[in-house]
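Given the coordinates of chain F, assemble chain B onto it according to the supplied hints.
In order, the protein sequences belong to chains F and B.
Under my numbering, the residue at position 51 of the first sequence is numbered 51, and the numbers go up by one with no gaps.
Under my numbering, the residue at position 28 of the second sequence is numbered 28, and the numbers go up by one with no gaps.
Keep in mind that the hints were calculated from the coordinates and are not lab data.
Any given hint could turn out to be false.
Derived lysine-lysine pairs resembling DSS-like cross-links, with alpha carbons at most 25 Å apart [as the list claims (entries may be wrong)]:
1) K124/F / K11/B
2) K185/F / K19/F
3) K19/F / K178/F
4) K190/F / K13/F
5) K11/B / K76/F
6) K190/F / K178/F
Using C-beta positions, here's what the derived DEER-type ranges look like [said to hold, decoys possible]:
7) R141/F / G31/B: 48 to 58 Å
8) G3/B / A138/F: 38 to 48 Å
9) D21/B / C78/F: 14 to 24 Å
10) E28/B / E123/F: 29 to 39 Å
Which chain F residues stay away from chain B? Per the calculated CB distances, all over 12 Å, these [unchecked claim]:
11) L12
12) L20
13) P22
14) I63
15) A91
16) E97
17) D107
18) K178
19) G191
The beta-carbon is built from N, C-alpha and C at its ideal position, and this holds for glycine as well.
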Amino acid sequence: MWLNRVRTGHRLKEWLMLKLVPVVLGAPVPDIVRVLFYRRDFCGVYLATLQQRLLRGSSDWSIGERELFAAFVSAKNCCRFCIDAHSAIAARIVGHEVVDAIMADVDSAPISEPARRTLRFLEKLTLEPDRVTTEDLAPLRAVNIRDEAILDAIYICGTFCALNRLVDAMGCTPMTPKQIDASAKMLLEKGY
Amino acid sequence: MAGILGAFAIKVMQNPTTIGDDNIRVLERAGYSEDAIFGCVVAASLASGIERIRAGLRALGETNDVAE
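So here's chain F without its partners, still in its complex pose (with noise of 0.2 Å):
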């Protein structure tokens, strides 16, 4: 992590609170945990909550397909702490072989049509949001996939799009197999 203050210098309630982690987590503490405690009120609140609503709260996409959209989106930003942290917990629901699959290739992995269709959709929104057109949206609309569930969508992809560049700008350890595990299990029991 680059910068000192976001690695040491929180307030004494989140001071207490990374003190607890590694006690909860049952491994050391995952750098993004102190890049959002770190002036909390500033934009981690914010974004945990966001998470926690685009993640795991009602969707016509299940837990599963939300975490693969998270993980997926950051893939293609290359973001490695946050293609480690969402796989984990992706992989918890669908299986390893389901998350290895989509990111070997969306188009011949296990997976619905609209989750497929919608990867798709979401790629392009990741790597060329100028060239994005309502036409994209079309192989979306002909599998059914209602505009709740496209919006819900492009609110991950747009989260993970801001939360990958913190990750990376903050120089953010990739996390060990161990917090991968550990973080997955906790984050798919208790929410972020």
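Below, chain B without anything else, positioned relative to chain F:
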């Protein structure tokens, strides 16, 4: 936003994986505090996210823009 901080914000938006300790030290030498740098990173990151949401909403034909 112009100058060295603006260039850093663009790097956050376009090539965040290439940011390193040297980029931070350059900003610090130019007089920016760690809090200012943190604020810049947050703002640039959120701007990238909002850009995607706006593009998605445009395609969806939504008239409401969350970023306004």
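- Looking at the structure, which of the earlier hints fail to hold? none
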